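Enquirer: Generate coordinates for the entire structure from the input sequences, incorporating the hints supplied.
Here the sequence shown stands for residues 286 to 405, numbered as in our numbering.
Not one of these hints is a red herring.
Below, simulated DSS-like cross-link-like pairs (lysine-lysine); rule was C-alpha separation at most 30 Å, straight line:
id: 1; residue 1: Lys291; residue 2: Lys313
id: 2; residue 1: Lys299; residue 2: Lys313
id: 3; residue 1: Lys388; residue 2: Lys364
Between beta-carbon pairs, the in silico distance windows are:
id: 4; residue 1: Asp298; residue 2: Ala322; range: 20 to 26 Å
id: 5; residue 1: Gln363; residue 2: Thr383; range: 28 to 34 Å
id: 6; residue 1: His329; residue 2: Gln365; range: 40 to 46 Å
id: 7; residue 1: His339; residue 2: Asp368; range: 28 to 34 Å
In case anyone wonders, no lab produced these hints; they're calculated from the structure.
From a predicted model like this one, the values you see are computed outputs, not experimental measurements.
Glycine included, each C-beta is placed from N, C-alpha and C at the ideal position.
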Amino acid sequence: MQLLTKIEARNPDKRIVHVIWDNAAYHKGPDVRAFLARAACRIHLIQLPPYCPHLNPIERLWAVLHQYVTHNRYYPSQKQFADAILAFMRETIPQEWTKFRDKVSDNFRVITHENFRVLK
286 MQLLTKIEAR NPDKRIVHVI WDNAAYHKGP DVRAFLARAA CRIHLIQLPP YCPHLNPIER
346 LWAVLHQYVT HNRYYPSQKQ FADAILAFMR ETIPQEWTKF RDKVSDNFRV ITHENFRVLK
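Expert: Below, the structure written as structure tokens:
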């Protein structure tokens, strides 16, 4: 709920804020339903179809992380495993982004009120 609350708070001038996210069970839970049922709620949720990881760039990033961090590797401790993940996020992504960016992104773009229009 913190994420949706922050999104709403950071967009005080917007009548409706569209949020696109996956179909994780916690995205449909009672807390989310209660938040969305509020009279003053300005969040409109758009859920990605189930079993469509190609529409969700984070799923593709997890696949790249797996390739770099976990594929055929053993970590003797949870700390070493966590450190490897953090190193991937902090170092590998910035340094090697051009090598794998096409695996992660499809020319997605943010839709804002400036570049959005309804065709009639």
